[in-house]
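K.L.:
Going line by line, the protein sequences match chains L and G.
Heads up: the first sequence at position 2 corresponds to 2 in this note's numbering, and the numbers run straight through without jumps.
Here this note's numbering = 1-based position in the second sequence + 1000.
Hints in this document: simulated from the structure, not taken from any laboratory.
Hints should not be assumed to be uniformly reliable.
Restraint ranges, calculated between C-beta atoms of paired labels, are given here [unchecked claim]:
no.	chain 1	residue 1	chain 2	residue 2	range
1	L	Gln36	G	Leu1074	27 to 33 Å
2	G	Leu1096	L	Pro56	37 to 43 Å
3	G	Glu1108	L	Leu51	18 to 24 Å
4	L	Pro56	G	Leu1052	35 to 41 Å
5	L	Arg24	G	Glu1097	37 to 43 Å
Just so you know, even glycine gets a beta-carbon here, dropped at the ideal spot from N, CA and C.
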Amino acid sequence: MLSHFLLMVLYALLVSLFFTLLWRRERKEQVKLFLQLFLGMVGGGLLVAWLMYPFPSGPPAPIP
Amino acid sequence: MAEPVENPAPQPVARAEGNPLAAIALALLVPGLGHVYLKRWQRGLAFLLLILASLAIGCMLGGNLYRPEGGQPLSYLATAGAMGVGLPYFILRYALEYSGDVMGAGYEYGSAFLLTAGLMNWLLVLDAWDIVRGKKE
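One chain only, chain G, in its complex shape (with noise of 0.2 Å):
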């Protein structure tokens, strides 16, 4: 007879300091902060940088910054996603009045940098929630 196999519980990490909705409203805000607010300083600087950086491409490429269109439902929730880039869509949107180029031939290719890099910091508001109800560490 086979021993039974041991799968031990996760063991619980200690919360993190700080308010739950100012870490999300930080996260959300500006990729990382969320992070630094909870000092994981050396993370939300890292994580920070790899948003910028998406962003900073796929704009040299020329890529859509996506934005409600109407009866192009799909464009909803192209929009949600790279709103969770946080306070850069709307510097990007509104100060520097961007609209990609989509004539470019790195249309494509910069639409996907803009928008992994919102749908990166929706996942970062997620962690961060994580780690302030000490689910994660």
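Just chain L, with the same shape it has in the complex (with noise of 0.2 Å):
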């Protein structure tokens, strides 16, 4: 079953392997970059997720 934080982690793999084979040509390199990419796109948006809890939510919304 699809969750959001599964469909976030999802697109971050899709567009840190996207840029990993766009930028970079060695194995080392595309290693350190797609982890770089990754986990900044999924840690970047738990942090965001996190300074937002305070707030108020709206009712959940189901994800097929």
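Relying on the hints, combine the two individually framed chains into one complex.
P.N.:
Written out as structure tokens, the structure is:
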């Protein structure tokens, strides 16, 4: 079952892979850039979510 | 006194064989095809898979395949972005009559995936252009 978090991870995975292949040729550099992008996006998303935690939320929306 | 920092100029890369216009046209038509034409098989196929995956996820979530809407200037910009994916955009829009599910819970996520697929392919077109000009490997 999909969730907001899973979709965010999936999106970060696709975009990180894309830019890794686009910008780097050597395997070691690819791994480094992939980890930077992927962890940056997922970590950044979690950080923003944490900062937004005090704000009131609306009714939960189901994800198909 | 500090020693001057060496900053070597980037090494020139051998120009890829192929017609620049054909490379761009193919890259615009099908994601990754420009790279395949320039004999970057693995990268081309990887890009094709990534962009198709993004499209498939966007469609499964019922995202918006942007199209121009009168009175909404940003929709033209979004359409230009989404159309970057090339042939798949027109297949989805005209052959499959895909329109998304504006009431679906995954609508916003799906729209992001669909738009991202188009924008990624615009970058691939520029990448193919750089390769054929010898600016990139």
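K.L.:
Sort out which numbered hints this structure fails and list those numbers smallest first.
P.N.:
Checked against the structure, no hint fails, so every one of them is satisfied.
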